[in-house]
Amino acid sequence: MRKLSKDELEFIDNYLKNSGVEYIDVRLEILDHVASAIEAKMEEEHIDFYEAFKSYMVANKKELLKQTDSFAKESLKKVLQMVGKNLFHPLSLVITAAVVIITVVLFDFLKQHLMLFSLGLFFLEFVVIVLITKTYKKQKYLHIHKLVTIITSFDYIMHMYVLAKEIPYYEWVLAIFILINISFFLSLYQLFNEYKKQFDFA
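In my numbering, each residue carries its 1-based index in the sequence shown increased by 111.
Derived from the structure by calculation, the hints contain no laboratory data.
Note that CB positions come from ideal geometry on N, CA and C, so glycine has one too.
Be careful, since some hints might not be right.
[Said to hold, decoys possible] Label-pair distances were calculated between CB atoms; the ranges are:
| no. | residue 1 | residue 2 | range |
| --- | --- | --- | --- |
| 1 | 245 | 176 | 49 to 55 Å |
| 2 | 117 | 209 | 44 to 50 Å |
| 3 | 185 | 304 | 43 to 49 Å |
| 4 | 237 | 196 | 38 to 44 Å |
| 5 | 245 | 277 | 33 to 39 Å |
| 6 | 174 | 245 | 34 to 40 Å |
With the hints as constraints, model all of the structure from the sequences given.
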């Protein structure tokens, strides 16, 4: 069976992109499926690439585009599993323990400057997220988008309604907050490494 050439694969990728499949990792999943189906169609019907592609897309385009919704659900599941696993990563636990110790030692000072402390944390997280989004520039990856959206929403809610106020067990709430954030950023780092291996990541 003849395998599709690089130019033919790029043709399919551009078609999917122009059809609204904007995330690279989602397009790769669909591209693999489409390429295999077209190769089989060319072999069985003895037709060239463009005939096979046109015939396949006429019959399957709507169904393929519907699959992007299922990819989004799978993406959310995957990133939450990564975050959950990284909650118990040694680095997450060490950093969280250090933050708890520092918070306990300095808590009398922090109580007087909770708003400033919360704003400082939020600014630091904002800088990190901006650097992350600039790292992959205009390239769009669904898993990264999901992670950034979740952590941004979580941090905003925590800073607006929890960390800027004096509440019972503040240091432990802060510890959980830091632990979740470290887990998210570890997950992002792991995704970056994964994409470097799979894509021309820039």
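Here's how the hints hold up against the structure:
no.	hint	verdict
1	245 / 176: 49 to 55 Å	30 Å, violated
2	117 / 209: 44 to 50 Å	49 Å, holds
3	185 / 304: 43 to 49 Å	20 Å, violated
4	237 / 196: 38 to 44 Å	26 Å, violated
5	245 / 277: 33 to 39 Å	36 Å, holds
6	174 / 245: 34 to 40 Å	36 Å, holds
Going down the numbered hints, you'll see the structure goes against 1, 3, 4, while the others check out.
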